[in-house]
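Chains as they are written, first to last, in this note's numbering: chain A, 1 to 304; chain B, 305 to 548.
Hints are computed from structural coordinates only; laboratory data are not their basis.
Note that the Cβ used here is the ideal one computed from N, Cα and C, for glycine as well.
Hints may contain errors.
With a Cα cut of at most 25 angstroms, we get these calculated DSS-like pairs of lysine-lysine [what the hints assert, rightly or not]:
hint, chain 1, residue 1, chain 2, residue 2
1, B, Lys384, A, Lys240
2, B, Lys384, A, Lys230
3, A, Lys230, B, Lys529
4, B, Lys384, B, Lys323
5, A, Lys27, A, Lys182
Where chain A lies over chain B, by a calculated footprint (3+ residues, C-beta under 8 angstroms) [as the list claims (entries may be wrong)]:
hint, segment
6, 338-347
7, 403-412
8, 433-446
9, 451-458
10, 462-473
11, 536-547
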Amino acid sequence: MNDIEIKNFTKKYGVTEAVKNINLSVKKGEIFGLVGPDGAGKTSLIRSICTLLVPDSGSILVRGMDVSKSIAEIRSILGYMPQRFSLYQDLTVEQNLRFFADLFQVPEKEREIRKKQLFQFSRLKPFQKRQAGKLSGGMKQKLALSCALIHTPEILVLDEPTFGVDPVSRQEFWEILRIIQKEGTTILVSTAYMDEADQCERIALFFDGNIKGIGTPDELRANFKYPLYKLSGSILRDLKISFSSFEEVHTTQLFGDSVHVSFKKEPDEKQWGNWQESTNNNLVQWTKLKPTIEDVFLDLMETK
Amino acid sequence: MSENNIAVKTELLTKKFGKFTAVDQVSIEVEKGEIFGFLGANGAGKTTMIRMLCGLLKPSDGKASVAGYDVYKQSENIKKNIGYMSQKFSLYDDLTINENIEFYGGIYGLSKEIINSRREKLLDQVGLSDIANTMTRDIPVGFKQRLALGSALLHDPPIIFLDEPTSGVDPEARRGFWDLIYQTSEEGKTIFVTTHFMDEAEYCHRLSIMRDGKLIALDTPGKLKAQYGKDNIQEVFVEIVNGE
Ligand SMILES: Nc1ncnc2c1ncn2[C@@H]1O[C@H](COP(=O)(O)OP(=O)(O)OP(=O)(O)O)[C@@H](O)[C@H]1O
Ligand SMILES: [Mg+2]
Numbered sequence: 001m002n003d004i005e006i007k008n009f010t011k012k013y014g015v016t017e018a019v020k021n022i023n024l025s026v027k028k029g030e031i032f033g034l035v036g037p038d039g040a041g042k043t044s045l046i047r048s049i050c051t052l053l054v055p056d057s058g059s060i061l062v063r064g065m066d067v068s069k070s071i072a073e074i075r076s077i078l079g080y081m082p083q084r085f086s087l088y089q090d091l092t093v094e095q096n097l098r099f100f101a102d103l104f105q106v107p108e109k110e111r112e113i114r115k116k117q118l119f120q121f122s123r124l125k126p127f128q129k130r131q132a133g134k135l136s137g138g139m140k141q142k143l144a145l146s147c148a149l150i151h152t153p154e155i156l157v158l159d160e161p162t163f164g165v166d167p168v169s170r171q172e173f174w175e176i177l178r179i180i181q182k183e184g185t186t187i188l189v190s191t192a193y194m195d196e197a198d199q200c201e202r203i204a205l206f207f208d209g210n211i212k213g214i215g216t217p218d219e220l221r222a223n224f225k226y227p228l229y230k231l232s233g234s235i236l237r238d239l240k241i242s243f244s245s246f247e248e249v250h251t252t253q254l255f256g257d258s259v260h261v262s263f264k265k266e267p268d269e270k271q272w273g274n275w276q277e278s279t280n281n282n283l284v285q286w287t288k289l290k291p292t293i294e295d296v297f298l299d300l301m302e303t304k
Numbered sequence: 305m306s307e308n309n310i311a312v313k314t315e316l317l318t319k320k321f322g323k324f325t326a327v328d329q330v331s332i333e334v335e336k337g338e339i340f341g342f343l344g345a346n347g348a349g350k351t352t353m354i355r356m357l358c359g360l361l362k363p364s365d366g367k368a369s370v371a372g373y374d375v376y377k378q379s380e381n382i383k384k385n386i387g388y389m390s391q392k393f394s395l396y397d398d399l400t401i402n403e404n405i406e407f408y409g410g411i412y413g414l415s416k417e418i419i420n421s422r423r424e425k426l427l428d429q430v431g432l433s434d435i436a437n438t439m440t441r442d443i444p445v446g447f448k449q450r451l452a453l454g455s456a457l458l459h460d461p462p463i464i465f466l467d468e469p470t471s472g473v474d475p476e477a478r479r480g481f482w483d484l485i486y487q488t489s490e491e492g493k494t495i496f497v498t499t500h501f502m503d504e505a506e507y508c509h510r511l512s513i514m515r516d517g518k519l520i521a522l523d524t525p526g527k528l529k530a531q532y533g534k535d536n537i538q539e540v541f542v543e544i545v546n547g548e
């Protein structure tokens, strides 16, 4: 039996359908990612799984129990961290952690181990005595995450957990998620960070309330059919504009210090030479690239 | 650099909260028209720095001038010359997009005529013209963030402070937002921006990286990569954050 089983699920607000007839299952013990633009329906789906919204049609089963019937049973095995979760601003870091550990009745020995792991990621140890309200934005988010992770639920649901968290801490946060996974917890997580999508075992790409792709990151990458190259040049924005105008080009995207360009078919050496000329040597280097999830995502958005 | 080419200048700028030093003797000069990136781990002091430069928080020590005005004595002049989009940008959910713009125009003391004459161009620029009468609560974060930028630009300030404008925003909307940042910079405006996305760091003209309130590095992305012997800013960032 799957831990979460979603069949023909639809959620409406008034006449607009936030989530349209989707099917999805989360296996026991996996880390499953919901990836999609803001407003695509991820939060509506998550809140429904957590028994906080009632489906308009279709069904959601958590460990075989119906979210519209077995509310108390589901809540007892499920840990949920909502988007923009707020802490007790006038309690200190330490008091907030203790409050949540007490709430979930975490045994003393266990909480010490977990606290140590969490401090390693959050780097909040030196600030234990500081009131939550006086932390920086990202520090607040890390404290909220720590409070959510202080106990180990059977199923953990996190809505955009790394909002505003710096890149070093994000990496360490994912290491903690894997520790929790090893302890047997099933994890469902939504994110706007495409590098995090790659850390999940399986992901669903969400657009406009529909699922546009579902599978392992490698499976989704395999759907990207166009030859993809990473280009570097002297003036990247101009390089992108030049390539967008070439007929052989499918899409162009800026990626930090390079431009990713996908082609309708594999270009040959002569073409590259021509392009160097027609960009007045703004094109400096090109290397074949395996698509990232971000490439897949952007391609789906452009061609939707 | 000639003095009148400088948009923001600080000398040993410091902020203490009790015994804790959140910003520690930071000296920077930002040129007019620059896109200046401000990086650092959570708690490094980015927001504190921005709030001092916007005249919202009094420094404990050091000097700072913004648009030629002193942060200690001329914070009212500074407010007229800057646009500020805070980390938690505050829009009114129960107002429409149009009404939010009017509201912000009112805060800056703009007349109805001026607001109306600028609104259309502005909404067009940030791509919200078609939904100008939609309730703000019904639009996704990516649109709210554009509206927040539009509101910050309404009084046509020469300097704009953007504190994590793209957190929680999907890759396509982030790219659209950076196109807007570039357009704004090409109009000659100075942009001071913080981000936790390292690809965005590469789009800045110059970058500063802070750790524990101190300025550790400041240069163009290319020179920082060369200086630290790294392939990308992500690696430079990790090295600086983990360094002692
Ligand atoms: N009112 C306050 N009292 C005490 N400490 C404060 C106060 N405001 C901020 N701080 C501390 O100053 C430090 C810097 O905070 P700041 O918000 O500037 O960080 P930041 O670099 O913007 O981080 P983030 O990336 O998380 O937004 C943090 O340690 C924070 O807890
Ligand atoms: Mg901040």
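Hint by hint, here is what the structure shows:
| no. | hint | in the structure |
| --- | --- | --- |
| 1 | B/Lys384 to A/Lys240 | violated (36 angstroms) |
| 2 | B/Lys384 to A/Lys230 | violated (43 angstroms) |
| 3 | A/Lys230 to B/Lys529 | holds (19 angstroms) |
| 4 | B/Lys384 to B/Lys323 | violated (32 angstroms) |
| 5 | A/Lys27 to A/Lys182 | holds (14 angstroms) |
| 6 | 338-347 | holds (count 4) |
| 7 | 403-412 | violated (count 0) |
| 8 | 433-446 | holds (count 4) |
| 9 | 451-458 | violated (count 0) |
| 10 | 462-473 | holds (count 4) |
| 11 | 536-547 | holds (count 7) |
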